[in-house]
Amino acid sequence: MALSEENFAKIQEALVDALGVDDDEVTPEATLVGDLGAESIDFLDIVFRLEKAFGIKIDRGELWPEDILTNVKFVEDGKLNAEGLAELKTRMSFADLSKFEQNPAIQEFGNMLTVQDMANFVDGKMAQA
Amino acid sequence: MRWFWIDRFVEFESGRSATSIKNVALAEEHLHDHFPGYPVMPNSLIVEGLAQTGGMLAAEYHDFKERVILAKISKMTFHGPALPGDQLTYHAEMDDISADGAVTSVTCHIGDRLQAEGQIFFAHVADQVTGKSLFEPGQMIHMMRLLKLYEVGRKPDGSAIMPPAEMT
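Residue numbers (our numbering), protein chains in the order written: chain A, 3 to 131; chain B, 34 to 201.
Hints should not be assumed to be uniformly reliable.
Calculated cross-link-like contacts (lysine-lysine; reagent style DSBU-like; alpha-carbon spacing at most 30 angstroms) [as the list claims (entries may be wrong)]: (1) A:K101 with B:K108; (2) B:K108 with A:K75; (3) A:K59 with A:K75; (4) A:K12 with A:K101; (5) A:K91 with B:K98; (6) A:K75 with A:K101; (7) A:K75 with A:K91; (8) A:K54 with A:K91; (9) B:K188 with B:K98; (10) B:K98 with A:K12; (11) A:K91 with A:K12; (12) B:K108 with A:K127; (13) A:K81 with A:K12; (14) B:K181 with B:K105; (15) B:K98 with A:K59; (16) A:K59 with A:K91; (17) A:K91 with A:K81; (18) A:K59 with B:K188; (19) A:K54 with A:K81; (20) A:K127 with A:K81; (21) A:K127 with A:K91; (22) A:K91 with A:K101; (23) B:K181 with B:K108; (24) B:K181 with A:K59; (25) A:K127 with A:K59; (26) A:K127 with B:K188; (27) B:K188 with B:K108; (28) B:K105 with A:K59; (29) A:K75 with B:K188; (30) B:K98 with B:K108; (31) A:K59 with A:K12; (32) A:K12 with A:K75; (33) A:K54 with A:K75; (34) A:K127 with A:K12; (35) B:K181 with A:K12; (36) B:K105 with B:K188.
A few chain A residues facing chain B, derived, Cβ under 8 angstroms [to be verified]: (37) V18; (38) D24; (39) E27; (40) L46.
Since the hints were derived computationally from the structure, they do not count as laboratory data. Predicted, not measured: the structure shown is a model, and the values here were computed from it. Ideal placement from N, C-alpha and C gives every residue a C-beta, glycine not left out.
Given the sequences, and given the hints that come with them, work out the whole structure.
Structure follows, in C-alpha cells:
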C-alpha cells in the first residue's frame, strides 16, 4: 500500500527530527533500528511525533510490541516460538514479517521494521480514524 | 538531594508550562574549573535546569506518582554564554503528555536575550526497573516547597496546586 507523498513527507519529518538523520536516509526500505539507528526510547519519541502529525492515537506496544518480545511464554532460547510469532502477526499486520520468520531471534527484530512498515501502520490507523 | 539546578519556580501552570529561575554565582565551585580564569556556567547544567523545570511539570501532572526521567534531548541550541551574576530564566512548555512520557519545548533567557532553546523528552520508568522508591513522599513535598511550587502553582482553572494528599 503506497502512502501519499504528503503523508510520507510527514513520516520523514518525524524520523528526521526524532533520530537526527538526513531526509535522504529515510527511504521506504530503510530499517528503523539497523539503518536509522533508532533505540528503544526513540520509539516513544516517534509515537509522539506521529500522533501529532497525523492526529491519531497510538497505544503503548502497538508499533513496537515490547510486551511480546519480553514475554517468557513467547520466547525460547532467545527466539520467538510459534505462539509468539502468531501473536506478533496478529498484532503487526502492517509489517512484512516474512524475513523475520526465517530466524525469529529477538535481537534480529529491531532490524526488521522498515519505514514502509511504519507507513503502512499509519495508513491503517488513518483508515480506522 | 543537592542536585538542584533551579532556585525556584516563578510560574507553574499544571500540565501546561513552568518558568523557573537560576542565579549563577561565582561561589559555585565548578565555575572555577569551567574554565580557570574564565568562569562560564556549563551548558550541560543549563540543560539539567531546563530538564528539572520540564520534568517537574510532567511529574506534577501525574501527582508525582510516575518516575519521570530525562529520556532524550531531541534538540538543543545555545546562543551564548551564561556568566556569574546572570539570572537565567528557564521556561518549559508542555507539547505532549501521556501515560508513557512527555515532550517539552524549553528556553533559557538571560534578561531578554535567548541563551538556549530546545526540546526535551521525558519517559516514565516502571517500578521494576529501579526496584525502590526514588524519594520518600515527605522528601518530595519538601523539595517542591523549597522550589516554591505551591506558592506559584496554578491549575488550568486558576485554583492553587496543592500537595497530593497521600504525600503530606
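Cross-check of the supplied hints:
1. Simply put, A:K101 and B:K108 have alpha-carbon atoms about 35 angstroms apart, too far for the 30 angstroms limit, and the pair is violated.
2. About 39 angstroms separates the Cα atoms of B:K108 and A:K75, which puts this hinted pair outside 30 angstroms; it is violated.
3. With a C-alpha separation of about 28 angstroms, the suggested pair A:K59 and A:K75 falls inside the 30 angstroms cut-off, and the hint holds.
4. Using a Cα cut-off of 30 angstroms, the hinted pair A:K12 and A:K101 holds, with the two alpha carbons roughly 27 angstroms apart.
5. Straight-line distance between C-alpha atoms of A:K91 and B:K98 comes to about 35 angstroms, which puts the hinted pair past the 30 angstroms bound.
6. Straight-line distance between C-alpha atoms of A:K75 and A:K101 comes to about 22 angstroms, which keeps the hinted pair within the 30 angstroms bound.
7. At roughly 16 angstroms between alpha-carbon atoms, A:K75 and A:K91 fall within 30 angstroms of each other, so this suggested pair holds.
8. Distance check on the hinted pair: A:K54 and A:K91 sit about 27 angstroms apart at the alpha-carbon level, within 30 angstroms; holds.
9. Pair hint B:K188 plus B:K98 holds up; C-alpha atoms about 17 angstroms apart against a cutoff of 30 angstroms.
10. For the hint pairing B:K98 with A:K12, the CA-to-CA distance comes to about 34 angstroms; that exceeds 30 angstroms, so the pair is violated.
11. For the proposed pair A:K91 and A:K12, the alpha carbon gap of about 26 angstroms is at most 30 angstroms, so the pair holds.
12. At most 30 angstroms may separate the alpha-carbon atoms for a hinted pair to count; B:K108 and A:K127 meet this at roughly 28 angstroms.
13. As the CA atoms of A:K81 and A:K12 are separated by approximately 34 angstroms, the hinted pair breaks the 30 angstroms bound.
14. The hinted pair formed by B:K181 and B:K105 meets the criterion: a straight-line CA distance of about 27 angstroms does not exceed 30 angstroms.
15. Straight-line distance between C-alpha atoms of B:K98 and A:K59 comes to about 23 angstroms, which keeps the hinted pair within the 30 angstroms bound.
16. As the CA atoms of A:K59 and A:K91 are separated by approximately 21 angstroms, the hinted pair is consistent with the 30 angstroms bound.
17. Between A:K91 and A:K81 the CA atoms are separated by roughly 15 angstroms; this keeps the pair inside 30 angstroms, and the hint holds.
18. Restraint check: the Cα-Cα separation between A:K59 and B:K188 comes to about 25 angstroms, which is no more than 30 angstroms; the hinted pair holds.
19. Among the hinted pairs, A:K54 with A:K81 is inconsistent with the structure: their alpha-carbon atoms are about 34 angstroms apart, more than 30 angstroms.
20. At most 30 angstroms may separate the alpha-carbon atoms for a hinted pair to count; A:K127 and A:K81 meet this at roughly 29 angstroms.
21. Of the supplied pair hints, the one linking A:K127 and A:K91 holds, its CA atoms being roughly 17 angstroms apart against a limit of 30 angstroms.
22. Distance hint between A:K91 and A:K101 is fulfilled; the C-alpha atoms sit about 13 angstroms from each other, no more than 30 angstroms.
23. Under the criterion of a C-alpha separation no larger than 30 angstroms, the hint pairing B:K181 with B:K108 is consistent with the structure, at around 29 angstroms.
24. Between B:K181 and A:K59 the CA atoms are separated by roughly 35 angstroms; this puts the pair beyond 30 angstroms, and the hint is violated.
25. Restraint check for A:K127 and A:K59: satisfied, since their Cα atoms lie roughly 8 angstroms apart, inside the 30 angstroms limit.
26. A distance of roughly 33 angstroms separates the Cα atoms of A:K127 and B:K188; the hinted pair therefore is violated under the 30 angstroms criterion.
27. Proposed proximity of B:K188 and B:K108 is supported: the alpha carbons are some 28 angstroms apart, at most 30 angstroms.
28. With a C-alpha separation of about 21 angstroms, the suggested pair B:K105 and A:K59 falls inside the 30 angstroms cut-off, and the hint holds.
29. Between A:K75 and B:K188 the alpha-carbon distance is near 44 angstroms, which puts this suggested pair outside the 30 angstroms criterion.
30. For the hint pairing B:K98 with B:K108, the CA-to-CA distance comes to about 27 angstroms; that is within 30 angstroms, so the pair holds.
31. A distance of roughly 16 angstroms separates the Cα atoms of A:K59 and A:K12; the hinted pair therefore holds under the 30 angstroms criterion.
32. The hinted pair formed by A:K12 and A:K75 fails the criterion: a straight-line CA distance of about 37 angstroms is larger than 30 angstroms.
33. This hinted pair does not check out: A:K54 and A:K75 have alpha carbons roughly 34 angstroms apart, beyond 30 angstroms.
34. Simply put, A:K127 and A:K12 have alpha-carbon atoms about 15 angstroms apart, close enough for the 30 angstroms limit, and the pair holds.
35. A distance of roughly 41 angstroms separates the Cα atoms of B:K181 and A:K12; the hinted pair therefore is violated under the 30 angstroms criterion.
36. As the CA atoms of B:K105 and B:K188 are separated by approximately 27 angstroms, the hinted pair is consistent with the 30 angstroms bound.
37. Using the Cβ-Cβ criterion of 8 angstroms, the hint placing A:V18 at the interface with chain B is not satisfied: the shortest such distance is roughly 11 angstroms.
38. Hint status for A:D24: violated, given a least beta-carbon distance of 15 angstroms to chain B, over 8 angstroms.
39. Below 8 angstroms, beta-carbon pairs count as interface contacts, and A:E27 has none with chain B, the closest being about 17 angstroms; its hint is therefore violated.
40. For A:L46, the interface hint holds, since its Cβ comes within 8 angstroms of a Cβ in chain B; the closest pair sits about 6 angstroms apart.
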